[in-house]
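Throughout the sequence shown, residue numbering follows mature numbering (1 follows the signal peptide of the UniProt record, and there is no 0), covering -20 to -1, 1 to 347 in sequence.
A portion of the hints provided could be inaccurate.
To be verified - Derived DEER-like restraints, expressed as beta-carbon distance ranges:
| no. | residue 1 | residue 2 | range |
| --- | --- | --- | --- |
| 1 | Asn214 | Arg317 | 30 to 36 Å |
| 2 | Thr35 | Gly319 | 29 to 35 Å |
| 3 | Asp28 | Asn214 | 18 to 24 Å |
| 4 | Gly102 | Asp277 | 36 to 42 Å |
| 5 | Thr77 | Glu169 | 26 to 32 Å |
| 6 | Lys43 | Lys314 | 46 to 52 Å |
| 7 | Pro25 | Lys197 | 33 to 39 Å |
| 8 | Ser164 | Gly55 | 31 to 37 Å |
| 9 | Thr77 | Asp39 | 14 to 20 Å |
To be verified - Below, simulated EDC-like cross-link-like pairs (lysine to aspartate or glutamate); rule was C-alpha separation at most 16 Å, straight line:
| no. | residue 1 | residue 2 |
| --- | --- | --- |
| 10 | Lys314 | Asp303 |
| 11 | Lys201 | Glu169 |
| 12 | Lys307 | Glu33 |
| 13 | Lys339 | Glu165 |
| 14 | Lys335 | Asp160 |
| 15 | Lys201 | Glu168 |
| 16 | Lys280 | Asp160 |
| 17 | Lys121 | Asp140 |
| 18 | Lys307 | Glu72 |
| 19 | Lys197 | Asp213 |
| 20 | Lys41 | Asp303 |
To be clear, the hints were calculated from the coordinates, so they are not data collected in a lab. Computed from a prediction, not measured in an experiment: that's the story for all the values here. Every residue gets a Cβ at the ideal spot worked out from N, C-alpha and C, and that includes glycine.
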Amino acid sequence: MRTLLAFLVGTSLLTAPAMAQSAWTGGDDQPANPLACDASVTAVPPGDYNGGEPTGAPDRKGKPLKVVDIPKLVGVGYFNSTAAGIQEAAKELGSMTVTTDGPTKANIDEQITFIDNYITSGVDGILFAANDPVAIAPVLKRALEAGINVVGYDADAEADARQWFVNQAEPNGVAKSMIDQLASEIGEEGSFAIVTSTFTTPNQARWITEMAAYAEKCHPKIKFLETVEAQEDNILSFNQAQTLINKYGDELKGILGMTSVATPAASEAVQQQNLCGKVSVVGLALPNAMKPYINNDCIKSTILWSTVDLGYAAGMAMRAVADGTLKPGDTTFKAGRLGDLQVVNQSQILLGAPKVFTKADINNFDF
């Protein structure tokens, strides 16, 4: 199937604007909802709750909670910072202990094994960021069937496999920010490639689909070259970026980094190839990881949300779900120091719009 998609993308480049093709390697097969070209990011009304419910859960209101946090992988800056936010929430609440554990690579089979083991050992709640929305669903449903509260963040599962999902940004909002920033740096007819984690990583696949639709609508002459997988691995991300640079030469004007690992790795590749100012890197990354490249004027920007706030909101949501104060039908959620967050897409809590960090303000942030 991937081979067919790649063929369709490649052949369409010969006959039409590259972003206009229906086949989009690295995206999902769900419909897109691109924002208006001049519109600010807006949220979708919540609609009817479509999340799952734990079976026979004990009364946990106000009682101590034992929670495990299982992100896509451990040991990288992005999930270190979400874990820090979760611990901040736990400390503030004073009634929840959280252990962060998981695979050292973004491997769905290993992630499933970790979740299964914690179901067996016994916890009150599971926080997760999925490596694959479909593959992770059965084990999360087993957790719900065991009476465990389940809340996702960063990358969702199938809705009925968890209760709530803390969404860092609406996919069409991420798409608009990424493509608008890319176009501002490489021009309306520039060519670019994408470095993603895997073609099955749910949040990145959704963002890529929305980017294709938004670019077709608002930047129709911008040219897509290729999407490559890098597994959220620093060395592989660097090597993939170098391969793209060598493969496309002067045609390559920009690289979109879809992960907090790929974006600084691609920036390092651009810097080592002495292509600062010639190849732009626009992507999602922690400000601290991008400061060296932005402060030395090699890279102009990076895009993200507060990953600490994302983890904090997820921790707060877990406590509220266990207490019964976050329930189906709610349209807002009181998330501690973050105030009221909007409920969207039936069972998601929206953190907010993504932010573009530049040399003008990136040093004001420390995460």
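Consistency of the hints with the structure:
1. Asn214 to Arg317: 30 to 36 Å: Given a distance of about 32 Å, which is inside 30 to 36 Å, the answer is holds.
2. Thr35 to Gly319: 29 to 35 Å: Between Thr35 and Gly319, where Cβ atoms are some 33 Å apart, the hint holds.
3. Asp28 to Asn214: 18 to 24 Å: 42 Å, violated
4. Gly102 to Asp277: 36 to 42 Å: 53 Å, violated
5. Thr77 to Glu169: 26 to 32 Å: Cβ of Thr77 to Cβ of Glu169: about 54 Å, so the range 26 to 32 Å is violated.
6. Lys43 to Lys314: 46 to 52 Å: Since the Cβ atoms of Lys43 and Lys314 sit about 20 Å apart, the hinted range of 46 to 52 Å is violated.
7. Pro25 to Lys197: 33 to 39 Å: 22 Å, violated
8. Ser164 to Gly55: 31 to 37 Å: Taking Cβ atoms as reference, Ser164 and Gly55 lie about 34 Å apart, which means the hint holds.
9. Thr77 to Asp39: 14 to 20 Å: 19 Å Cβ-Cβ, so the 14 to 20 Å window holds.
10. Lys314 to Asp303: Within the cut-off at roughly 13 Å; holds.
11. Lys201 to Glu169: This hinted pair holds, its Cα atoms lying about 5 Å apart.
12. Lys307 to Glu33: With Cα atoms ~10 Å apart, Lys307 and Glu33 stay inside 16 Å; holds.
13. Lys339 to Glu165: 14 Å, holds
14. Lys335 to Asp160: Judged against 16 Å, a Cα distance of about 12 Å means the pair holds.
15. Lys201 to Glu168: With Cα atoms ~6 Å apart, Lys201 and Glu168 stay inside 16 Å; holds.
16. Lys280 to Asp160: 13 Å, holds
17. Lys121 to Asp140: 8 Å, holds
18. Lys307 to Glu72: Roughly 21 Å separates the two Cα atoms, so the pair is violated.
19. Lys197 to Asp213: 33 Å, violated
20. Lys41 to Asp303: Measuring from Cα to Cα gives roughly 4 Å; hence the hint holds.
The structure does not agree with the numbered hints 3, 4, 5, 6, 7, 18, 19 stated previously, though it agrees with the rest.
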